[in-house]
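Undergrad: Those protein sequence lines, which keep their order, are chains A and B.
full-length UniProt numbering applies: residue 1 is where the first sequence begins, and numbers increase by one.
full-length UniProt numbering applies: residue 1 is where the second sequence begins, and numbers increase by one.
Just so you know, the hints here were simulated from the structure itself, not pulled from any lab data.
Just so you know, not all the hints are guaranteed correct.
[As the list claims (entries may be wrong)] With a straight-line Cα cutoff of 30 Å, these simulated DSSO-like cross-link-like pairs (lysine-lysine) come out: (1) 235(B) / 81(A); (2) 166(B) / 308(B); (3) 317(B) / 153(B); (4) 108(B) / 304(A); (5) 236(A) / 88(A); (6) 81(A) / 81(B); (7) 236(A) / 22(A); (8) 236(A) / 90(B); (9) 178(B) / 269(B); (10) 317(A) / 108(B); (11) 81(A) / 85(B); (12) 128(A) / 235(B); (13) 108(A) / 90(B); (14) 128(A) / 89(B); (15) 90(A) / 108(B); (16) 203(B) / 166(B); (17) 139(B) / 235(A); (18) 90(B) / 128(A); (19) 22(B) / 203(B); (20) 139(A) / 128(A); (21) 203(B) / 269(A); (22) 90(B) / 178(B); (23) 235(A) / 81(A); (24) 81(A) / 25(B); (25) 88(A) / 243(B); (26) 166(A) / 181(A); (27) 301(B) / 32(B); (28) 88(A) / 108(B); (29) 108(B) / 85(A); (30) 88(A) / 139(A); (31) 25(B) / 108(A); (32) 317(A) / 90(A).
As the structure is a computational prediction, the values presented were derived from the model and not from experiment.
Number of protein chains: 2
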Amino acid sequence: MKAITLKQIAEELNISVTTVSKALKDYPDVSKKTKKQVKELAKKLNYIPNASAVNLRTQQTKTIGVIVPTTVHHFFATVIKGIIKAAKKKDYMVILMQSEEDVEQEIKSVDLLISKGVDGIMISLSNKTQNFDHLEKIKNHDIPLVLFDKISKITDCSKVVINDQKAAYEAVEYLIKKGYKRIAHFRGDLNPQVSIDRFLGYKKALLNNNIEFDPSLVYICNNNDDFNDGHASAKKLIDMHGKNVDALFAITDMVAIGALKYFNDNGIKIPKDIAIIGFSNWFMSSVITPTLTTIDQPGYKMGKTVFKLLYKEIKAKNVDIPYETIEMKTSLVIREST
Amino acid sequence: MKAITLKQIAEELNISVTTVSKALKDYPDVSKKTKKQVKELAKKLNYIPNASAVNLRTQQTKTIGVIVPTTVHHFFATVIKGIIKAAKKKDYMVILMQSEEDVEQEIKSVDLLISKGVDGIMISLSNKTQNFDHLEKIKNHDIPLVLFDKISKITDCSKVVINDQKAAYEAVEYLIKKGYKRIAHFRGDLNPQVSIDRFLGYKKALLNNNIEFDPSLVYICNNNDDFNDGHASAKKLIDMHGKNVDALFAITDMVAIGALKYFNDNGIKIPKDIAIIGFSNWFMSSVITPTLTTIDQPGYKMGKTVFKLLYKEIKAKNVDIPYETIEMKTSLVIREST
Numbered sequence: 001m002k003a004i005t006l007k008q009i010a011e012e013l014n015i016s017v018t019t020v021s022k023a024l025k026d027y028p029d030v031s032k033k034t035k036k037q038v039k040e041l042a043k044k045l046n047y048i049p050n051a052s053a054v055n056l057r058t059q060q061t062k063t064i065g066v067i068v069p070t071t072v073h074h075f076f077a078t079v080i081k082g083i084i085k086a087a088k089k090k091d092y093m094v095i096l097m098q099s100e101e102d103v104e105q106e107i108k109s110v111d112l113l114i115s116k117g118v119d120g121i122m123i124s125l126s127n128k129t130q131n132f133d134h135l136e137k138i139k140n141h142d143i144p145l146v147l148f149d150k151i152s153k154i155t156d157c158s159k160v161v162i163n164d165q166k167a168a169y170e171a172v173e174y175l176i177k178k179g180y181k182r183i184a185h186f187r188g189d190l191n192p193q194v195s196i197d198r199f200l201g202y203k204k205a206l207l208n209n210n211i212e213f214d215p216s217l218v219y220i221c222n223n224n225d226d227f228n229d230g231h232a233s234a235k236k237l238i239d240m241h242g243k244n245v246d247a248l249f250a251i252t253d254m255v256a257i258g259a260l261k262y263f264n265d266n267g268i269k270i271p272k273d274i275a276i277i278g279f280s281n282w283f284m285s286s287v288i289t290p291t292l293t294t295i296d297q298p299g300y301k302m303g304k305t306v307f308k309l310l311y312k313e314i315k316a317k318n319v320d321i322p323y324e325t326i327e328m329k330t331s332l333v334i335r336e337s338t
Numbered sequence: 001m002k003a004i005t006l007k008q009i010a011e012e013l014n015i016s017v018t019t020v021s022k023a024l025k026d027y028p029d030v031s032k033k034t035k036k037q038v039k040e041l042a043k044k045l046n047y048i049p050n051a052s053a054v055n056l057r058t059q060q061t062k063t064i065g066v067i068v069p070t071t072v073h074h075f076f077a078t079v080i081k082g083i084i085k086a087a088k089k090k091d092y093m094v095i096l097m098q099s100e101e102d103v104e105q106e107i108k109s110v111d112l113l114i115s116k117g118v119d120g121i122m123i124s125l126s127n128k129t130q131n132f133d134h135l136e137k138i139k140n141h142d143i144p145l146v147l148f149d150k151i152s153k154i155t156d157c158s159k160v161v162i163n164d165q166k167a168a169y170e171a172v173e174y175l176i177k178k179g180y181k182r183i184a185h186f187r188g189d190l191n192p193q194v195s196i197d198r199f200l201g202y203k204k205a206l207l208n209n210n211i212e213f214d215p216s217l218v219y220i221c222n223n224n225d226d227f228n229d230g231h232a233s234a235k236k237l238i239d240m241h242g243k244n245v246d247a248l249f250a251i252t253d254m255v256a257i258g259a260l261k262y263f264n265d266n267g268i269k270i271p272k273d274i275a276i277i278g279f280s281n282w283f284m285s286s287v288i289t290p291t292l293t294t295i296d297q298p299g300y301k302m303g304k305t306v307f308k309l310l311y312k313e314i315k316a317k318n319v320d321i322p323y324e325t326i327e328m329k330t331s332l333v334i335r336e337s338t
């Protein structure tokens, strides 16, 4: 028996081959009526799709993809651990790709995951990502997508985040309540949302507490090497402001620890001369001397939640379910550095 | 024109379909003469292999796979960074899988990489891997394989390692030369070669320096949580030996730092009461108080070397090239903890 082709179905219904293909793959831009007609005829004619063209949502691969900027950051390593743990329970394998903060690499990773065939994709964006066509591409392939931590606000999909602005606000307000007035901020790169949000939280806490915002107390850490960024910025901070700074809110624990190392090595007492708050509650923050006050960012739990959302979409298959944004709770962990 | 099948080639040459298939894929168990006959006839008849059956070494995917136990260990994260850096230069994408120290997961990861199609595979084995059939499977699929760090000695393939026994020997001998006599060892699990080798190096250094080996000074850390393993073992060590122990050689920096935290929190002075040496030179070892003496294990450089070996095999395609074992240099980094 000669195999039935898409062309035959198209001719029979007097529609284009593309429409037939899209209808079989449940693309949203084909009407329900057409989809029904195409599917019924395909069934009647015993149409067998070409293996390589099989839609991913109908033929599950039991494989999902994750793209993160790096695994050298302990936070991402713990998120991945959470994703793998949750995926394993549902018998899913996890393919991991690293963008290394390179947009080109992130786009290529998306292409690769699509071409290799995965049931869903989870991404934490690189710091440089400003165009989101590759995310739309995932959606156009009807592959469930969940963004986490470093997300794109304008992309319509499920997301797992923390409230960076609120967390930063609380950290800085805590410093102010403790009596610190000249509070520096070591921020991340200009672009990523988490960096913007933490900076905004810092600024808002100052303004709401009648402390003048001094831009010369803000340093940008964007060399993809948090420890050394923190260390170098601490030197610049002290060179410029000397004793006219009494606290520091750093965008990550690693940046904070880089600064802490500089202060420790240069006889600047923590918290007497300068207090420090980090961000993420990396376990090393409870081991270093002095131990670091920080914001707990639940990486492992976030990973499990990311998978949960993705799995829900995979299971829903071709039924449209509403996208969700889940905000993970953070908390301020007070230690010796403040 | 009707497509030529393997069967037709087999009939023409009076050999089995399997032999034809293997010959086209350059399997080592088919004679050169047969390979030549098959390939010539296939070319003459214009045989087009089925896409899904195309041999990976002839049709390159420009994708390679890495399987590591975890990325929470900074060492593996840096090895991966090195692999990705080197791969990118040659325009290769890297797919990462984590076994999470689970043999089943490691085997499934191998199967997945084979089925998704990669040009080569790099593995650092889980601590529990004792059967190596999945490694043979990779070789049977003619996919280049390079093992690194946690390897199988009996698997015939290229490897990148460090001399764990020698490195451990040097660390312990250094302690002995400094006058320490009651040297404890926090070792890894019983199975993995690195754990065995570091233990043997420890033991040999004692014996060669006329210090009696005391098994009660050796503790096993095998809960996949180095920091807490080190912390708990330190407690047991002090509970059992009190002041009758003056130094500790720990299998990883993380185990060492767990122990250091216990000593710091319990008024046990480092190095006055007890000296500590770690293993890996994780950058945190130079940040904690006191800074940690350790063995530098060049993860990033190892990653680059692993890719170099794999790339050589990929490029050699169907020509057999001799397997290589590259030993990366380690060195003792002396800091405040000894």
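Undergrad: All the hints need checking, so say for each whether the structure fits it.
TA: Evaluated hints:
A distance of roughly 28 Å separates the Cα atoms of residue 235(B) and residue 81(A); the hinted pair therefore holds under the 30 Å criterion. For the proposed pair residue 166(B) and residue 308(B), the alpha carbon gap of about 25 Å is at most 30 Å, so the pair holds. For the given pair, residue 317(B) sits about 24 Å from residue 153(B) by alpha-carbon distance, which is consistent with the 30 Å threshold. A hinted pair counts as satisfied when its Cα atoms are at most 30 Å apart, and residue 108(B) with residue 304(A) qualifies at roughly 21 Å.
Simply put, residue 236(A) and residue 88(A) have alpha-carbon atoms about 47 Å apart, too far for the 30 Å limit, and the pair is violated. Between residue 81(A) and residue 81(B) the CA atoms are separated by roughly 18 Å; this keeps the pair inside 30 Å, and the hint holds. The hinted pair formed by residue 236(A) and residue 22(A) fails the criterion: a straight-line CA distance of about 58 Å is larger than 30 Å. Between residue 236(A) and residue 90(B) the alpha-carbon distance is near 38 Å, which puts this suggested pair outside the 30 Å criterion.
Simply put, residue 178(B) and residue 269(B) have alpha-carbon atoms about 17 Å apart, close enough for the 30 Å limit, and the pair holds. For a cut-off of 30 Å, the pair hint linking residue 317(A) to residue 108(B) stands: about 25 Å separates their Cα positions. Proposed proximity of residue 81(A) and residue 85(B) is supported: the alpha carbons are some 23 Å apart, at most 30 Å. At most 30 Å may separate the alpha-carbon atoms for a hinted pair to count; residue 128(A) and residue 235(B) exceed this at roughly 46 Å.
A threshold of 30 Å between alpha carbons decides the hint, and for residue 108(A) with residue 90(B) the separation of about 14 Å falls inside it, so the pair holds. At most 30 Å may separate the alpha-carbon atoms for a hinted pair to count; residue 128(A) and residue 89(B) meet this at roughly 20 Å. Between residue 90(A) and residue 108(B) the alpha-carbon distance is near 14 Å, which keeps this suggested pair within the 30 Å criterion. Restraint check: the Cα-Cα separation between residue 203(B) and residue 166(B) comes to about 11 Å, which is no more than 30 Å; the hinted pair holds.
This hinted pair does not check out: residue 139(B) and residue 235(A) have alpha carbons roughly 53 Å apart, beyond 30 Å. With a CA separation close to 23 Å, the supplied pair residue 90(B) and residue 128(A) stays within the 30 Å bound. Under the criterion of a C-alpha separation no larger than 30 Å, the hint pairing residue 22(B) with residue 203(B) is inconsistent with the structure, at around 49 Å. Distance restraint check for residue 139(A) and residue 128(A): the Cα-Cα separation of roughly 21 Å lies within the 30 Å cut-off, and the hinted pair is therefore satisfied.
Proximity of residue 203(B) to residue 269(A) is assessed by CA-CA distance (about 43 Å); at most 30 Å being required, the pair is judged violated. Our distance criterion of 30 Å between C-alpha atoms is broken by residue 90(B) and residue 178(B), whose separation comes to about 47 Å. Using a Cα cut-off of 30 Å, the hinted pair residue 235(A) and residue 81(A) is violated, with the two alpha carbons roughly 35 Å apart. With a C-alpha separation of about 38 Å, the suggested pair residue 81(A) and residue 25(B) falls outside the 30 Å cut-off, and the hint is violated.
A threshold of 30 Å between alpha carbons decides the hint, and for residue 88(A) with residue 243(B) the separation of about 46 Å lies outside it, so the pair is violated. For the proposed pair residue 166(A) and residue 181(A), the alpha carbon gap of about 20 Å is at most 30 Å, so the pair holds. Distance check on the hinted pair: residue 301(B) and residue 32(B) sit about 38 Å apart at the alpha-carbon level, beyond 30 Å; violated. Restraint check for residue 88(A) and residue 108(B): the C-alpha separation of about 11 Å stays at or below 30 Å, so the hint holds.
Taking the CA atoms of residue 108(B) and residue 85(A), the gap is about 15 Å. The hint holds against a cut of 30 Å. A C-alpha spacing of about 24 Å is found between residue 88(A) and residue 139(A), which places the hinted pair at or below 30 Å, so the restraint holds. Restraint check for residue 25(B) and residue 108(A): satisfied, since their Cα atoms lie roughly 29 Å apart, inside the 30 Å limit. Restraint check for residue 317(A) and residue 90(A): the C-alpha separation of about 16 Å stays at or below 30 Å, so the hint holds.
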